[in-house]
Amino acid sequence: MKDCIKQKKVEEIVLKLNDFLNNKPLFYNEIDYDRMPNCWNAIKNSFKKPKKIIHIIGTNGKGSTGRFLAYYLDKMGFNVGHYTSPHILKFNERIWLNGRDIDDESLEKAHQFLQNTIPKKYLQTLSYFEYTTLLAMRIFGNCDYVILEAGLGGERDATSVFDRDITLVTTIDYDHQSFLGNAIKEIATTKLNSIQKKAIIGKQIHDEVYKLTDKYPFYLDYFDNYEIQEIREFIKKNNFASYLVDNLALALACIVEEGLEFNLKYLKGVKLKGRFQKIDKNLYIDVGHNPLAARAIANEFKNKKIDLVYNTYNDKDYCEILKILKPIIDKLYIIDVKNERIAPKEDVIKCAKKLEIDVEEFKNIRDKITLVFGSFSVIEGFLNER
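Using our numbering, you'd call the opening residue of the sequence shown number 1435 and step up by one each time.
Since the hints were made in silico from the structure, they are not lab data. Heads up, some of the hints might be wrong.
Below, simulated SDA-like cross-link-like pairs (lysine to any residue); rule was C-alpha separation at most 25 Å, straight line [to be verified]:
id: 1; residue 1: LYS1715; residue 2: ILE1769
id: 2; residue 1: LYS1739; residue 2: ILE1689
id: 3; residue 1: LYS1524; residue 2: LYS1787
id: 4; residue 1: LYS1619; residue 2: LYS1637
id: 5; residue 1: LYS1702; residue 2: GLU1667
id: 6; residue 1: LYS1482; residue 2: GLN1558
id: 7; residue 1: LYS1637; residue 2: LYS1705
id: 8; residue 1: LYS1699; residue 2: LEU1717
id: 9; residue 1: LYS1670; residue 2: PRO1761
id: 10; residue 1: LYS1705; residue 2: VAL1690
id: 11; residue 1: LYS1715; residue 2: ARG1666
id: 12; residue 1: LYS1645; residue 2: TYR1660
id: 13; residue 1: LYS1509; residue 2: THR1804
id: 14; residue 1: LYS1739; residue 2: TYR1656
id: 15; residue 1: LYS1757; residue 2: LYS1705
id: 16; residue 1: LYS1509; residue 2: GLY1533
id: 17; residue 1: LYS1670; residue 2: LYS1707
id: 18; residue 1: LYS1705; residue 2: ASP1538
id: 19; residue 1: LYS1712; residue 2: PHE1796
id: 20; residue 1: LYS1784; residue 2: CYS1753
id: 21; residue 1: LYS1486; residue 2: LEU1523
id: 22; residue 1: LYS1707; residue 2: LYS1787
id: 23; residue 1: LYS1486; residue 2: ARG1666
id: 24; residue 1: LYS1483; residue 2: LEU1694
id: 25; residue 1: LYS1645; residue 2: ARG1729
id: 26; residue 1: LYS1797; residue 2: LEU1817
id: 27; residue 1: LYS1705; residue 2: CYS1785
DEER-style ranges, computed between Cβ atoms [what the hints assert, rightly or not]:
id: 28; residue 1: GLY1511; residue 2: LEU1789; range: 48 to 58 Å
id: 29; residue 1: GLU1795; residue 2: PRO1553; range: 22 to 32 Å
id: 30; residue 1: LYS1738; residue 2: ASN1659; range: 24 to 34 Å
For glycine and all other residues, C-beta sits at the position ideal for the given N, C-alpha and C.
Given the sequences, and given the hints that come with them, work out the whole structure.
Here it is in structure tokens:
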């Protein structure tokens, strides 16, 4: 009986946390570079600090690189926290501790701590992402390693207020231009300015990024040819998408940099939610949402024709994304998604027709290879309706 009352109390407080967060903007359109640093400076002495923080920045691949690394360290016996975003089905997915998503009771305790610790002026003004970042860091206080993924940017990101020991740089490409700028050099510079101490550079597709990072080691420099082949075989054997080779190699480069054992046995059983994940016989889901992700998907289905269940955020270049995916699309289905950021369905359909793609509104899937793609919200909406 006491357990039932306790669980009900936790559920009520978690609902209050959800209400609290849902009344906050995910990010602010107006930029206040001082809010998060000032808040952290006001409260940091109340936090226990993890032993090491590994920061992950870049455009794509942060989530998979982070999960490979966190899983590996966890299996080696370290206390490990992994902060990732967004979530697919449940908020708890954002805060992963020692092999599992955070439980509601721990989340409730961290929320209550923040409510009692953060000055009122910051409680009222912190964004959803900023507050969630502080929740994670409260939970991760006893960790040996914290894997901290940046949100939109780099030097001004909420995750950049903490002391970082090493930064992993995944592929940098165009995305979130309204926040980061319209040129690759500009986008890369604001991300790379978050590097505090050491860094390892992952695979890049723009010469400008290589020029900006030439003083840091390159991820493949950490391996001999045999080890690189081992990594490729692991990805293939476990039916992961081929583009994940580079993300896994970046994670393992960090393992080597830390002076730890290179042994893929520590990755046995690792799973990646929403990263070209096969969830049924002919059904895949992928949370990608930009041209870089679209190119990776087009390569995975090269010389095949698939059904694509799609929608995306209004600030994404969905015409360019559909243009990239056109060679593999047999039929395009536009799915309804309840999210204020989602692009108007009529606009996406109009774009598809202009590209001469066979398109209609989504009702159900056919008995053929199908990919659900476009954003975390699209995957969430599809899975909830399935």
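Agreement of LYS1757 and LYS1705 with the hint, judged by alpha carbon distance not exceeding 25 Å:
This hinted pair is violated, its Cα atoms lying about 30 Å apart.
GLY1511 paired with LEU1789, Cβ distance criterion 48 to 58 Å
Roughly 51 Å apart at Cβ, these two residues keep to the hinted range, so it holds.
Can the restraint linking LYS1486 and LEU1523 be considered satisfied, given a maximum Cα separation of 25 Å?
Violated, because 29 Å separates the two Cα atoms, which is more than 25 Å.
Taking 25 Å as the top limit, are the C-alpha atoms of LYS1715 and ILE1769 close enough?
Holds, at about 21 Å.
Decide if the proposed pair is consistent with the structure: LYS1784 and CYS1753, CA atoms, cutoff 25 Å inclusive.
holds, 10 Å
Are the Cα positions of LYS1707 and LYS1787 separated by 25 Å at most?
violated, 31 Å
Hinted pair, alpha-carbon criterion (25 Å max): LYS1705, ASP1538. Please report holds or violated.
At roughly 22 Å apart (the allowed maximum being 25 Å), ASP1538 and LYS1705 satisfy the hint.
Can you tell me whether the CB distance of GLU1795 to PRO1553 sits inside 22 to 32 Å?
violated, 48 Å
For the pair we were handed, LYS1524 and LYS1787, check the Cα-Cα distance against 25 Å.
violated, 35 Å
Is it true that LYS1738 and ASN1659 lie within 24 to 34 Å of each other by Cβ?
30 Å Cβ-Cβ, so the 24 to 34 Å window holds.
Next pair to validate is LYS1705 with CYS1785; report whether the Cα-Cα distance is within 25 Å.
Violated. LYS1705 to CYS1785 sits at ~35 Å, over the 25 Å cutoff.
Pair hint LYS1645 and TYR1660, alpha-carbon separation not exceeding 25 Å:
violated, 28 Å
Checked against the numbered hints above, the structure violates hints 2, 3, 8, 12, 13, 14, 15, 21, 22, 23, 27 and 29; every other hint is satisfied.
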